[in-house]
Each structure stands twice: as C-alpha cells, then as structure tokens.
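Engineer: Each chain, letter by letter, is given below.
Protein chains: 2
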Amino acid sequence: MLKEKNGDVAPIRAAVANEDGIDFTLIELFFFAYRDFTSDPDQMLADYGFGRAHHRVLHFVNRRPGLTVAELLDVLKITKQSLARVLKQLIDTGHIVQLQGPRDRRQRELYPTARGRELALALSRPQSRRIHGALMEMKGEGRKAIEQFLKAMVNPELRVQIDADPLHRMEEDRE
Amino acid sequence: MLKEKNGDVAPIRAAVANEDGIDFTLIELFFFAYRDFTSDPDQMLADYGFGRAHHRVLHFVNRRPGLTVAELLDVLKITKQSLARVLKQLIDTGHIVQLQGPRDRRQRELYPTARGRELALALSRPQSRRIHGALMEMKGEGRKAIEQFLKAMVNPELRVQIDADPLHRMEEDRE
DNA sequence: CAATTAAGTCAGCACTATTGACGTATTCTG
DNA sequence: CAGAATACGTCAATAGTGCTGACTTAATTG
Chain Y
16 MLKEKNGDVA
26 PIRAAVANED
36 GIDFTLIELF
46 FFAYRDFTSD
56 PDQMLADYGF
66 GRAHHRVLHF
76 VNRRPGLTVA
86 ELLDVLKITK
96 QSLARVLKQL
106 IDTGHIVQLQ
116 GPRDRRQREL
126 YPTARGRELA
136 LALSRPQSRR
146 IHGALMEMKG
156 EGRKAIEQFL
166 KAMVNPELRV
176 QIDADPLHRM
186 EEDRE
Chain W
16 MLKEKNGDVA
26 PIRAAVANED
36 GIDFTLIELF
46 FFAYRDFTSD
56 PDQMLADYGF
66 GRAHHRVLHF
76 VNRRPGLTVA
86 ELLDVLKITK
96 QSLARVLKQL
106 IDTGHIVQLQ
116 GPRDRRQREL
126 YPTARGRELA
136 LALSRPQSRR
146 IHGALMEMKG
156 EGRKAIEQFL
166 KAMVNPELRV
176 QIDADPLHRM
186 EEDRE
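Heads up: the sequence lines are chains Y and W, in that order. 186 is the number that my numbering gives to position 171 of the first sequence; each next residue is one higher, with no gaps. 90 is the number that my numbering gives to position 75 of the second sequence; each next residue is one higher, with no gaps.
Source of the hints: derived by calculation from the structure; they are not laboratory data. Please note: incorrect hints may appear among the correct ones.
Since the list can't tell identical chains apart, any single copy or any two copies may satisfy a pair.
[Said to hold, decoys possible] Derived DSS-like pairs (lysine-lysine); straight-line CA-CA distance at most 30 Å: (1) Lys-166 to Lys-95; (2) Lys-154 to Lys-95; (3) Lys-92 to Lys-166.
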C-alpha cells in the first residue's frame, strides 16, 4: 500500500471526458455566458458604488412596482440583512421609494423613481443587446427555444416566481 | 418646481414594459436559471467548507489537467490573491496536486487527484442532470441551439477559452 | 550578469451573504 | 380587548470571494 494518510495524491493526467454522461461542455458554457452577461452592468454599477445586488433589487422593483419587502426577499432568496443595506442605499440615493401598504400599514411597497427606472433601463440595455445579438447568431425561431430552456432550468417549485409577463400575473400566484 | 434637491422621488406605478426593446423576460430567466443551476453544487460544497470558487478551480483543473497557475488565472479572470486561498485549500485537502513544469521549472502544472476527480464529477452531476432535463422539455434538436446561444453570449475575444472539446484544442490557442 | 517571468505571500479593504437577537408598529385571533 | 403573530428595521458577528499594491524566491532569457 503506497497511499499516504491523506489519500492518493497521484496526478490524473487525462482530461475529463463525458464520464457518467456529464455534459461538461454546456456546464462550462453556462458559466462563461453568465460571467460575461453580468460584466457590462457590473462595470456601470461601480460608478455608483453599487454592486450586483443593487441591480437585482432595482430590476425586480421595476418589474413589479409595489412589491413588498417580504416578497422581494422571497424572489431574491436572500436574507433580510443582506437586503437591508442594499435597499437603504437605493432609497437614500433616490432610486427607490417606499410607500406604506394601503391595506396593511406594516407593509412597505417599493416603487422605482424616475431615476431608478432610468438606471434599471441603462443597466439592462447591454444585457438585452447581448441576448439579441446571440439570438441573431442562431437560426430562425431561437428565442422561443431559449426561453423554454431557461425556464426549464429553474426549480419547478419556483417557476411561479418567473412571471414571464408580469401583466398577466394574478395575486393568487403568491400566498 | 416641486422637485426635491435629491431629485424627483415620485413613485412610478407602472411595471417596465419592453421599453427600448429591452428583453426583460430573458434577462430575468437567465438570472433565475443560473441561480438554480449553481444551487445544487453550492449545497454539496458547504459540506467541505468550500465555496463556488473551489468548484470552478476544480472544474478547470479536471477539464485541462496540467494547466499552469497563470493559465488558470486567465480562464477564471480573477487575481492571483483570490485564487491563492482557494487553490491552497484544494491542495491541502488532496484534491489537486502541483507538478513542476517540465520545460519551465518555475511553472506549476495543476492536476486533479482521484479525490479531486471524484468531487468534480459529483458536483457536476446535478448540473448536468438539470441541463439534460431542461433539454428534454424542449423539442428535438435543442442542444445544438442552446450550445450556439450560450457560446454567442460570451465575449467574442474570450471565445478562444471556451474550448468546447479540450481534446481538439491546440497549444496555440493560448499565448 | 541583469532583466524578466512564474509563483507564492503579506497586509488591508470592499461587497455580498450568512445567523441570531431584538424592538416597534400593526394586524389578527381567541 | 389581550395576546400572538406578522412586517419591517436594526444590531453584532462571521464567512466567502473578490480587489489593489508590494515584496520575495526561483528560474529563465537576453
């Protein structure tokens, strides 16, 4: 037995093939694609002293104005403390405003201001351009296929959040 | 003029439509898809005290055994210091070994051990299963379209890294 | 031999995220 | 109506990942 106590540290010189039928190619592409997809807004955000978290908050508040804090936490899947700082900064800089909930006054409904709307659009513009360009490089009816694929990548129990068209979403989707 | 010094903080109550032709639907889906795509390995990694960065290093060392540190930095687009901590942990735990470069002895070629190979496979298994499941939900020849799309999402100047099939990549792709 | 390069390391910092605890206002329930 | 539950905000402490800049060692290159 030539094994060390910490296990066999002999180098494996062969690259992973598609062992066990694992699709390393698409896994890797998904990583690269997302890395570059987020790089454009990340650069802009740096000018504001913001990070990626600010973008996400801004995005969903623009997508679903009137969101409550609890709903936002649910969509982002982060904790209250993680959101707190980011949200406070966006409010302090006049990108988002809070209104007391009309039915339940404990709630704070979140709305973008004109400035917040503009920033959200500016951040999304290069991302949309990148997506549009990628679709152009494909043949014909690509967009539908991509939408289907991405939606199918999301955990089934979370697909209610997806809300491809917010205008068609009813209140009952949430609980 | 009713504007405050910090700008107009009037709430915008309308959800963003596809203003300026921005495809918010796909932007949002890409976010959700990637979030869930990384959630499975993230949970496993927690058992080892590792994070997502460890996974990425492990992935590329398994994909291209013999990578040097400099090449790895170039692929990951992070700094030496960011890599240092993560790489050291993977070496200390016997997942990766370093061999002195045969031509240039300053270089350290990185190889997975059996343990490192196993962990890389284990981490990628749920991701590949998710991708495979998503492709199944689409019609017929979806995989090719998805590969095309994801590749097109990557910055053109970085596509040389992509290396869809490492066995076909020649040394000249790097500099 | 001098300059450059590959790698490792140190110190300090920023951002995002975590858990747990606690306070306050409001609403719901028995 | 009193007490429980809820929505939100905040505090303290911690972790993981990333950054910049500076420095050392060893090896290669000119």
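Engineer: If you check each hint against the structure, which ones fail?
Structural biologist: 2
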